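All chains, full assembly: derive it from the sequences and hints.
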Amino acid sequence: MYEPFINLEEFAQAVVYVPEAQVVGNKVPLSLWGKGPKPSQSVFKRLKQAYPQHAAVFQAITAGAEGGREKKLRALFPRAVKMAEILRNISAEEVQRRQKALATFADRLVIATEDGGRDALRILLEKIVSNDEEAASRSEQSVL
Numbered sequence: 035m036y037e038p039f040i041n042l043e044e045f046a047q048a049v050v051y052v053p054e055a056q057v058v059g060n061k062v063p064l065s066l067w068g069k070g071p072k073p074s075q076s077v078f079k080r081l082k083q084a085y086p087q088h089a090a091v092f093q094a095i096t097a098g099a100e101g102g103r104e105k106k107l108r109a110l111f112p113r114a115v116k117m118a119e120i121l122r123n124i125s126a127e128e129v130q131r132r133q134k135a136l137a138t139f140a141d142r143l144v145i146a147t148e149d150g151g152r153d154a155l156r157i158l159l160e161k162i163v164s165n166d167e168e169a170a171s172r173s174e175q176s177v178l
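Numbering (the numbering used here), first residue to last: 35 to 178.
No wet-lab data here; the hints were simulated from the structure.
Possibly wrong hints are sitting among the right ones.
[Claimed, not checked] Here are the simulated EDC-like pairs of lysine to aspartate or glutamate, each with C-alpha atoms no more than 16 Å apart in a straight line: (1) K105 to E54; (2) K82 to E43; (3) K116 to E54; (4) K69 to E54; (5) K134 to E43; (6) K69 to E104; (7) K134 to E44; (8) K82 to E119; (9) K61 to E127; (10) K106 to E54; (11) K79 to E43.
Here the structure is a predicted model, which means the values were calculated and not measured.
Structural data, given as structure tokens:
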């Protein structure tokens, strides 16, 4: 999805990878994306290099049949962790490092359906900022 615009290394410098199994825990079935279609060995190798802290996740995804993959993923994440908690654990330094990385290629990702001052990213950010109270409320109520 991103590769026409940036490479995996750039993507990994800016994007935090959060395995679905970590967020949903053992009580919710994993989606097809959460179980991961079995990638080729070259994709697995590249993901492992880009996100070395999640090597065990990528090893589980490539572990044979679909049932075996899900079982191994669930063993890595026995309980659900709220996304807000995961994000709170990211240090200010890491956020700044990721922001700097994103700034180097963001112009290749911002896509608008028409010319003008408000592109799709700007609209999304305005929506998020304008709903801070609602976002906090939803975060508290979310099972994720």
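Structure-based check of all given hints:
1. Under the criterion of a C-alpha separation no larger than 16 Å, the hint pairing K105 with E54 is consistent with the structure, at around 13 Å.
2. Between the alpha carbons of K82 and E43 the distance comes to roughly 11 Å, so the proposed pair stays at or under 16 Å and holds.
3. The suggested pairing of K116 with E54 holds, with an alpha-carbon distance near 11 Å, which does not exceed 16 Å.
4. Between K69 and E54, the direct Cα distance comes to roughly 8 Å. Compliance with the 16 Å bound is thereby established for this hinted pair.
5. With a C-alpha separation of about 14 Å, the suggested pair K134 and E43 falls inside the 16 Å cut-off, and the hint holds.
6. Our distance criterion of 16 Å between C-alpha atoms is met by K69 and E104, whose separation comes to about 6 Å.
7. Simply put, K134 and E44 have alpha-carbon atoms about 11 Å apart, close enough for the 16 Å limit, and the pair holds.
8. A threshold of 16 Å between alpha carbons decides the hint, and for K82 with E119 the separation of about 24 Å lies outside it, so the pair is violated.
9. A hinted pair counts as satisfied when its Cα atoms are at most 16 Å apart, and K61 with E127 does not qualify at roughly 34 Å.
10. Distance hint between K106 and E54 is fulfilled; the C-alpha atoms sit about 13 Å from each other, no more than 16 Å.
11. For a cut-off of 16 Å, the pair hint linking K79 to E43 stands: about 12 Å separates their Cα positions.
The structure fails to meet hints 8 and 9 from the earlier list, while all remaining hints are met.
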